[in-house]
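Produce the entire structure from the sequences given, and follow the hints as far as they go.
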Amino acid sequence: MNEVDEELKGLTGQEAKQQLKKFGPNSLPEKKQPAYIKFLQYLWGPIPWMIEAALILSAIVQDWVDFAIILLLLIVNAVVGFVEEHQADNAIDSLKKSLALKARVKRDGKWKSISSEEVVPIDLVRLRLGDIIPADAELTGEGTIKIDESALTGESLPVDKKSGDTIYSGSIVKQGEMTAVVSATGAKTYFGKTASLIEGANNVSHFQRAVLKIGNYLIIIAIVLVVLILATSIFRGDDFLEILRFSLVLTIAAIPVAMPTVLSVTMAVGAKLLSKKQTIVRKLSAIEELAGIDILCSDKTGTLTKNELSLGEPFLIDGETNENLILCAALASKEENEDPIDMLILNSMPDKKELGSYKINSFTPFNPSSKRTEAA
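Using the working numbering, you'd call the opening residue of the sequence shown number 47 and step up by one each time.
Simulated from the structure, these hints should not be mistaken for laboratory data.
By construction, the Cβ of each residue, glycine as well, lies at the ideal position given by its N, Cα and C atoms.
Certain hints may be false.
Stated by the list, open to error - With a cut-off of at most 20 angstroms between alpha-carbon atoms, the simulated SDA-like pairs for lysine to any residue come out as follows:
1) K399 with L371
2) K208 with G187
3) K220 with R418
4) K239 with T190
5) K77 with E163
6) K67 with K220
7) K398 with S331
8) K148 with S159
9) K405 with L371
10) K63 with S159
11) K156 with E61
12) K399 with R418
13) K259 with A375
14) K148 with I168
15) K208 with K67
16) K417 with A375
17) K323 with V308
Said to hold, decoys possible - Derived DEER-like restraints, expressed as beta-carbon distance ranges:
18) L336 with H132: 18 to 26 angstroms
19) S394 with D211: 31 to 39 angstroms
20) I341 with L377: 33 to 41 angstroms
21) K318 with K55: 51 to 59 angstroms
22) D397 with T58: 28 to 36 angstroms
23) L336 with V227: 15 to 23 angstroms
Right, here's the structure in full:
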């Protein structure tokens, strides 16, 4: 461990709790709508309006059979859409918890791995190759690291960072290893401020636009025809109740009352089939969007492994032993990084106390170019 690591003690557990209480968790605030608001949204829109108009007309003329059928279709459509998206939201929340990011911070003088949500300002964090930076921070110590900031800036090439430079939440360490002092967390990070700018954006899918277009077209036709019937009937002196009955028949005939229900049920069946393939659908309209894709590009090798590391049989030259090889490898590893390879090597040592008799003067973290970690 270098001298900078020894000088920076990080926060104590009590100080971290005070910081967490003062600044809040290191996460972006989510505005969740009440369940009843989400349900009522399925009763709002051009086609639901027409169905509700037919419902009111059937109640006025006391046609209770039509009233019951129309009301049932309206409720079934809303319930199917609401239940499917509610289940998807619950599944996504569970997935978020299982995939929660971890961060290595120094607390009470010891390095420990905690949830990134618990990271607070002034925390001392350890960053190494492949880490996602949990919060905005200022680098300390010697050396340089390469940071991938493409998610924030769009720049595809990694950026060199040295001591004193600011690194941003959501960036990825591509090369090197350093410590950093957290300067901002949650919504106050650069990423959090950017996310807040697009928080109010409300994208409408192709499916929703098509349904709205159909609904608007049918509404205009229905209104024009109803106005014509009313004008003709009033001119002829027909009974007002009869006029309403004709208007009800026209309204029901002009709108596809069962269309929202059929669409919701069809996409719900698709969501069920996708769930069996470990795919979570959050919005039912996303199924139609996915169906419109011609080419899907994915960067994945598809390699299947046991997700377990093990040491193979070493190749030794004359005079070298397996124990000495493990010792040298352990001296070029850092336990505080909690790197899977480093931990495997350290756990393979018969006696870790043997490392205490050595002093590390310099440490070079893993470099993809040289494909090695060095210590002297």
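Hint by hint, here is what the structure shows:
With a C-alpha separation of about 16 angstroms, the suggested pair K399 and L371 falls inside the 20 angstroms cut-off, and the hint holds. Between the alpha carbons of K208 and G187 the distance comes to roughly 8 angstroms, so the proposed pair stays at or under 20 angstroms and holds. A distance of roughly 15 angstroms separates the Cα atoms of K220 and R418; the hinted pair therefore holds under the 20 angstroms criterion. The hinted pair formed by K239 and T190 fails the criterion: a straight-line CA distance of about 27 angstroms is larger than 20 angstroms.
Taken as a hint, the K77 and E163 pair is honoured in the structure, with Cα atoms around 17 angstroms apart against an allowance of 20 angstroms. A C-alpha spacing of about 33 angstroms is found between K67 and K220, which places the hinted pair above 20 angstroms, so the restraint is violated. A distance of roughly 57 angstroms separates the Cα atoms of K398 and S331; the hinted pair therefore is violated under the 20 angstroms criterion. Only pairs whose Cα atoms come within 20 angstroms are accepted, and K148 paired with S159 is accepted, the gap being roughly 6 angstroms.
Annotation: proposed proximity of K405 to L371 holds, straight-line Cα distance about 17 angstroms (limit 20 angstroms). Taken as a hint, the K63 and S159 pair is honoured in the structure, with Cα atoms around 16 angstroms apart against an allowance of 20 angstroms. Pair hint K156 plus E61 holds up; C-alpha atoms about 14 angstroms apart against a cutoff of 20 angstroms. For the hint pairing K399 with R418, the CA-to-CA distance comes to about 24 angstroms; that exceeds 20 angstroms, so the pair is violated.
Distance hint between K259 and A375 is unfulfilled; the C-alpha atoms sit about 67 angstroms from each other, more than 20 angstroms. Between K148 and I168, the direct Cα distance comes to roughly 17 angstroms. Compliance with the 20 angstroms bound is thereby established for this hinted pair. As the CA atoms of K208 and K67 are separated by approximately 31 angstroms, the hinted pair breaks the 20 angstroms bound. Proximity of K417 to A375 is assessed by CA-CA distance (about 14 angstroms); at most 20 angstroms being required, the pair is judged to hold.
Distance hint between K323 and V308 is unfulfilled; the C-alpha atoms sit about 23 angstroms from each other, more than 20 angstroms. A C-beta distance of roughly 20 angstroms is found between L336 and H132, which places it inside the suggested range of 18 to 26 angstroms. Checked against the given bound of 31 to 39 angstroms, the beta carbons of S394 and D211, roughly 36 angstroms apart, stay inside it. Taking the beta carbon of each, I341 and L377 are about 50 angstroms apart, not inside 33 to 41 angstroms as hinted.
For K318 and K55, the hinted distance range of 51 to 59 angstroms is satisfied, since their beta carbons lie about 54 angstroms from each other. Roughly 31 angstroms separates the CB atoms of D397 and T58, a value that falls within the hinted 28 to 36 angstroms. Our hint of 15 to 23 angstroms for L336 and V227 is violated, since their Cβ atoms are close to 43 angstroms apart.
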